[in-house]
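Q: Chain by chain, the residues run as shown.
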Amino acid sequence: MGDSQYSFSLTTFSPSGKLVQIEHALTAVGSGQTSLGIKASNGVVIATEKKLPSILVDEASVQKIQSLTPNMGVVYSGMGPDFRVLVRKSRKQAEQYHMLYKEQIPVTQLVRETAAVMQEFTQSGGVRPFGVSLLVAGYDDKGPQLYQVDPSGSYFSWKASAMGKNVSNAKTFLEKRYTDDVELEDAIHTAILTLKEGFEGQISGKNIEIATIGPKRIFKVLTPAEIDDYLAEVE
Amino acid sequence: MFGFSSLVVRMSSSSIVEAPPKGGFSFDLCKRNEMLSGKGVKHPNYRKTGTTIVGLIFQDGVILGADTRATSGPIVCDKNCEKIHFMAPNIYCCGAGTAADTESVTDMVSSQLQLHRYHTGRESRVITALTLLKKHLFNYQGHISAALVLGGVDCTGPHLHTIYPHGSTDTLPFATMGSGSLAAMAVFESKYKEGLNKEEGIKLVTEAICSGIFNDLGSGSNVDVCVITKGEKEYMRNHLKPNPRTYVSARAYTFPKKIEVLSTKITPLKELAQVVEAGDAMEE
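Protein chains in written order, with the UniProt record's numbering: chain P, 1 to 235; chain G, 1 to 284.
Honestly, the hints are just simulated from the structure, not real lab data.
These figures come from a predicted structure and were not determined experimentally.
Worth double-checking, as some hints may not be accurate.
What the hints assert, rightly or not - Below, computed lysine to any residue pairings styled on SDA-like, alpha-carbon distance capped at 25 angstroms:
hint, chain 1, residue 1, chain 2, residue 2
1, G, Lys230, P, Lys92
2, G, Lys135, P, Arg88
3, P, Lys142, P, Asn42
4, P, Lys50, P, Leu193
5, P, Lys50, G, Ala100
6, P, Lys92, G, Ala100
7, G, Lys135, G, Glu194
8, P, Lys102, G, His136
9, G, Lys135, P, His98
10, P, Lys89, G, Leu115
11, P, Lys92, G, Glu194
12, P, Lys102, G, Lys39
13, P, Lys102, G, Lys198
14, P, Lys92, G, Lys198
15, P, Lys89, G, Lys39
16, P, Lys176, P, Arg88
17, P, Lys92, G, Arg122
18, P, Lys176, P, Ile192
19, P, Lys220, G, Ala186
20, P, Lys220, G, Leu113
21, P, Lys92, G, Thr128
22, G, Lys230, G, Leu269
23, P, Lys92, G, Asn139
24, G, Lys39, G, Asp60
25, P, Lys89, G, Arg117
26, G, Lys198, G, Lys135
27, G, Lys230, P, Lys89
28, P, Lys220, G, Ala100
29, P, Lys89, G, Lys233
30, P, Lys102, G, Asn215
31, P, Lys196, P, Ala225
32, P, Lys220, G, Lys233
33, P, Lys102, G, Lys241
34, G, Lys241, G, Asn215
35, P, Lys220, G, Leu217
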């Protein structure tokens, strides 16, 4: 294929108009663990699988969902180390905004700045794109919001979205079950059911992570015990 | 007066190459200032906080106290300013010296502590705040005129420190800073004892601040108190107001007899804002 000759250099377009490295980055994301987010009428919920490479790994030390500000959090699909770098940069940008304007950064602003960082790495020399797609959940004066940011730096606002391995099944499932006036508690149940769809093995509070933002605008990662309670409700 | 240029916060990440920002102070205007003061031009006064600030350790934690007067030379420029600054949910800092310096230094370190909390997932420690502050002040060799009383309770217990503008620190069971520090220290030295309970502690802190308010010209107005214990804090703004404005003239203001009112026009302060339908929404 003519494309393959242009697939090594990030900063060179292929004849078909694509940056093949970014396509490869999206493939890396597509083979990552499933994660999803649902925007409810009074909050947002994000969740992800937490499959560890071996039972010997201490699952309490792995935190896939991170908070960025008191009212915003993020989950990813793809490469964990790349995610950590982005989280660090985003937190710093949010804090700088706060220092300058003495208000919490609005969700769209932080998403835009994170996306700008990701875009920078698609147009600079000697670097590669980030191998993660992010789902940013936040609650500010504009209400609950859910954004997806891709390795290319493009971002979209979603009512519900999924990324990673099981993306097509998960999205179909979400499309069927999503309603505009869904409440946060129902959204959490829907999120768990969606994860269960493609889950290999026994689902429990120790191999999934869920986080929510409610009307009080505080981003909170649920403890394994709380997740087990929700799982029991879903049964 | 020297200009103060420092690292400008960059809002957007751009790959445009810009000259690296200069840190520290710029002394370019010093010669000109000297020349001007030689010719008799007075330079404007800094807004200083005059101040009495105190802190003490009691049996459950730390109590901080401050007065609320800010002076600019001989003039009181703020009768009720806030001198107890937030550093972390479990750490507060009182500031004496130049108001701008204390505000911006405590703000900056508070921001750094927040980032540190995100990265570690833990509560901030008082010693962390102390080290960040003293390193910053030492770097500026005393030109940042901020004298601080830092207090808080963390996992290792209650702590109280003083920080001097040049960057040296003390760790003490009770401390005072500012122009009223001697008046306040006199009260502490005679009445402080270990193992005070909350009421006794607040009473002692209030007494010390009042001593500064009444005996030092640079301190005045009201008393602010902040009590920090394990897991909770109580910020008592204007806990005591020993200087109320008691005399208010019963007569309204009258113009001198020579002035004649020709016409009266009353303009309401609130205007009806007409919302015009906007054009296209901004492209994202």
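Q: Evaluate each hint against the coordinates.
A: Checked hints:
| no. | hint | in the structure |
| --- | --- | --- |
| 1 | Lys230(G) with Lys92(P) | violated, 28 angstroms |
| 2 | Lys135(G) with Arg88(P) | holds, 23 angstroms |
| 3 | Lys142(P) with Asn42(P) | holds, 12 angstroms |
| 4 | Lys50(P) with Leu193(P) | holds, 15 angstroms |
| 5 | Lys50(P) with Ala100(G) | violated, 48 angstroms |
| 6 | Lys92(P) with Ala100(G) | holds, 24 angstroms |
| 7 | Lys135(G) with Glu194(G) | violated, 31 angstroms |
| 8 | Lys102(P) with His136(G) | holds, 22 angstroms |
| 9 | Lys135(G) with His98(P) | holds, 23 angstroms |
| 10 | Lys89(P) with Leu115(G) | holds, 11 angstroms |
| 11 | Lys92(P) with Glu194(G) | violated, 42 angstroms |
| 12 | Lys102(P) with Lys39(G) | violated, 42 angstroms |
| 13 | Lys102(P) with Lys198(G) | violated, 33 angstroms |
| 14 | Lys92(P) with Lys198(G) | violated, 38 angstroms |
| 15 | Lys89(P) with Lys39(G) | violated, 51 angstroms |
| 16 | Lys176(P) with Arg88(P) | violated, 36 angstroms |
| 17 | Lys92(P) with Arg122(G) | holds, 17 angstroms |
| 18 | Lys176(P) with Ile192(P) | holds, 15 angstroms |
| 19 | Lys220(P) with Ala186(G) | violated, 48 angstroms |
| 20 | Lys220(P) with Leu113(G) | holds, 20 angstroms |
| 21 | Lys92(P) with Thr128(G) | holds, 18 angstroms |
| 22 | Lys230(G) with Leu269(G) | violated, 48 angstroms |
| 23 | Lys92(P) with Asn139(G) | holds, 23 angstroms |
| 24 | Lys39(G) with Asp60(G) | violated, 58 angstroms |
| 25 | Lys89(P) with Arg117(G) | holds, 15 angstroms |
| 26 | Lys198(G) with Lys135(G) | violated, 33 angstroms |
| 27 | Lys230(G) with Lys89(P) | violated, 32 angstroms |
| 28 | Lys220(P) with Ala100(G) | violated, 36 angstroms |
| 29 | Lys89(P) with Lys233(G) | violated, 31 angstroms |
| 30 | Lys102(P) with Asn215(G) | violated, 36 angstroms |
| 31 | Lys196(P) with Ala225(P) | holds, 18 angstroms |
| 32 | Lys220(P) with Lys233(G) | holds, 22 angstroms |
| 33 | Lys102(P) with Lys241(G) | violated, 29 angstroms |
| 34 | Lys241(G) with Asn215(G) | holds, 16 angstroms |
| 35 | Lys220(P) with Leu217(G) | violated, 49 angstroms |
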